[in-house]
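Asks: Next come the chains, spelled out residue by residue.
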Amino acid sequence: MTTNVMYDHPGPRARMRNLIYSIVFAALLVAAVWWVIVILADNGQLTAAKWKPLIEAQNWTTYLLPGLWNTIKAAVISVVIALPLGAILGVARMSDHGWLRWPASVIVEFFRSVPVIILMVFAFQLWFSLVGTSSPLAAVVIGLVLYNGSVLAEVFRAGVRALPKGQTEAAVAIGLRKTQVMTNVLLPQALTAMLPAIVSQLVVILKDTALGGILVGYVELRRAAATSASNYQNLLPTYVLISVIYIVLNLTLTTSASVLERRFRRGRKGGKVVDAAAVGSVVGEVTGDETR
Amino acid sequence: MDFSFLSDPRYDVLGAFWMNVQLTFWSAIGALILGTILAGMRVSPVPLMRGFATTYVNVVRNIPLTVIIIMMAQVMYTQLGLKLASRTPGEHPQIFLNAQNFRLAVLGFILYTSTFVAEAIRSGINTVPPGQAEAARAIGLKFTQVLGIVVMPQAFRAVIAPLASVLIALTKNTTVASAIGVAEAALLMNTLMENEADKYFAVFIVIALGFVVLTLPIGLLLGWVAHRATVKR
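For the protein sequence lines, the chains are E and P, in the order given.
In terms of our numbering, the first sequence opens at residue 1 and continues consecutively.
In terms of our numbering, the second sequence opens at residue 1001 and continues consecutively.
Since the hints were made in silico from the structure, they are not lab data.
Think of the CB as a built atom: it goes at the ideal place given N, C-alpha and C, for glycine as much as any other residue.
Fair warning: there could be bad hints in the mix.
Looking from chain P toward chain E, a few residues come up when the C-beta cut is under 8 Å (computed) [claimed, not checked]:
| id | residue |
| --- | --- |
| 1 | Val1046 |
| 2 | Leu1048 |
| 3 | Tyr1056 |
| 4 | Val1059 |
| 5 | Asn1062 |
| 6 | Ile1063 |
| 7 | Gln1074 |
| 8 | Leu1080 |
| 9 | Ala1133 |
| 10 | Ala1135 |
| 11 | Val1146 |
| 12 | Lys1172 |
| 13 | Leu1216 |
Here are some, though not all, of the chain P residues that point toward chain E, as calculated from beta-carbon distances under 7 Å [unchecked claim]:
| id | residue |
| --- | --- |
| 14 | Met1049 |
| 15 | Gln1079 |
| 16 | Phe1204 |
| 17 | Ile1205 |
| 18 | Ile1207 |
| 19 | Gly1210 |
In silico EDC-like cross-links for lysine to aspartate or glutamate, where the CA-CA straight-line distance does not exceed 20 Å [as the list claims (entries may be wrong)]:
| id | chain 1 | residue 1 | chain 2 | residue 2 |
| --- | --- | --- | --- | --- |
| 20 | P | Lys1142 | P | Asp1008 |
| 21 | P | Lys1083 | E | Asp42 |
| 22 | E | Lys52 | E | Asp42 |
| 23 | P | Lys1142 | E | Asp8 |
| 24 | P | Lys1142 | P | Asp1002 |
| 25 | P | Lys1142 | P | Asp1012 |
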């Protein structure tokens, strides 16, 4: 429901009232901003020496760009593995065979309820004992793949479930096998409906790479920036900068997805869209996925 | 598998999980309050408030939680001197730091989680068909009445399931507090991995099952409540 159906078109009194609210709120905002500036100035955060390193080429080539590259590398590898894994797990959970459905359900439910950072710490040790070398990148990727593969499995399942039943019935009626029904009829249609949910999962993956810098020592953007900040003695400006980088990356991802989605849906007849928040309600259970 | 570390007095497994529960409890209350205020702003007739709430949600939601939590400790406290606990003279400084870091972490979780609470509430309002509000206006109700008597009671029922999801995610997110040294389960797991490296599988099973035990009841209980409360259309 859009907000404007909730109140009538404002008359002179309502306009006056809204104007007063606007002015009061604007005054509060300005006061808050001024207060922040005063605090920053009092703590010596607004000096050129603190902010200049952000535009120094050496800072970028030594710390920030390698960190950003590591963040993107871990995210891309995780996505490339997690998407097919999620599709396989999601299809397995919808299988007619109990021996396939049950293990898939247990795997999905288990890895969805364990925090990613726990998975990363475990993966670090697992990799060390199996391969014999320590690899923070492997720990980050394994942790992200296990978690997001399971979440994407649910997204795929919700996407297929949201399709009209007639699709399956018609496919079966013309004599397609179960595999063909899934791969030729259901999945291609479900994919467009799932696009928004998949993209919000990509944003989650990108943000979660930062978990790798806490306990398993992966030098992603945040950890690289922390080194840079202690070198240049400018914690606040550096953290502001990496926050902006993350926001820009994630907003670009979200915006390009909605453009893509609109192009996909053009010329198609409706069909439900599964967005991340709706996955739980479509599958009919409470999940904890969309916030991560 | 060797679970002997469970009876080792050096490792307080239950205490670590209790810390996660406490972090979740206080953050959930704070996030619910701030999130409701933000959601209210997003549907308000004042454009400036709508703009502020939208900007806040889109900015904070896109910053990794790790960055927010570490910013709380290193920027807010170390650089700007934000103190949330008081230091009593003669006391061990670690006691002050523990209280301080706990509260900073809770503040960080509140700032981050409130954006998801706001989105959940807004999506709940969106599930109420426009005809409900239109009919309410047609019989002459005011904005507060439309919202309070007609829209909110229906929206609240639709909001239980997404809010439960946010709560589960928050429970798992409290592990990020390990980044600023709050003694919770993820930090304990890290210590265990270093000291008892040979039992890493048993350690993982214990910690992971701890989170399954924490999150599963929330999901089942609130899922059942949400199912019962849904407005059948």
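Asks: Now look at each hint and say whether the structure bears it out.
Replies: Comparing the hints with the structure gives:
1. Val1046: Status holds, d = 5 Å.
2. Leu1048: Check passed: Cβ of Leu1048 of chain P comes within 5 Å of chain E, closer than 8 Å.
3. Tyr1056: This interface hint is violated because 11 Å lies over the 8 Å limit.
4. Val1059: holds (6 Å)
5. Asn1062: With a minimum Cβ separation of about 4 Å from chain E (threshold 8 Å), the hint on Asn1062 of chain P holds.
6. Ile1063: Holds. Min distance 5 Å.
7. Gln1074: holds (5 Å)
8. Leu1080: Hint on Leu1080 of chain P: holds, closest Cβ of chain E at ~5 Å, below 8 Å.
9. Ala1133: holds (5 Å)
10. Ala1135: violated (10 Å)
11. Val1146: holds (5 Å)
12. Lys1172: Holds. Min distance 4 Å.
13. Leu1216: Since chain E brings a Cβ to about 7 Å from Leu1216 of chain P, closer than 8 Å, the hint holds.
14. Met1049: holds (6 Å)
15. Gln1079: For Gln1079 of chain P, the interface hint holds, since the closest Cβ of chain E sits about 5 Å away, which is under 7 Å.
16. Phe1204: holds (4 Å)
17. Ile1205: violated (9 Å)
18. Ile1207: For Ile1207 of chain P, the interface hint holds, since the closest Cβ of chain E sits about 6 Å away, which is under 7 Å.
19. Gly1210: Given a least distance of 9 Å, the restraint on Gly1210 of chain P is violated.
20. P:Lys1142 <-> P:Asp1008: violated (64 Å)
21. P:Lys1083 <-> E:Asp42: Distance ~16 Å between Lys1083 of chain P and Asp42 of chain E Cα, so the pair holds.
22. E:Lys52 <-> E:Asp42: holds (19 Å)
23. P:Lys1142 <-> E:Asp8: holds (9 Å)
24. P:Lys1142 <-> P:Asp1002: violated (66 Å)
25. P:Lys1142 <-> P:Asp1012: Violated, at roughly 56 Å.
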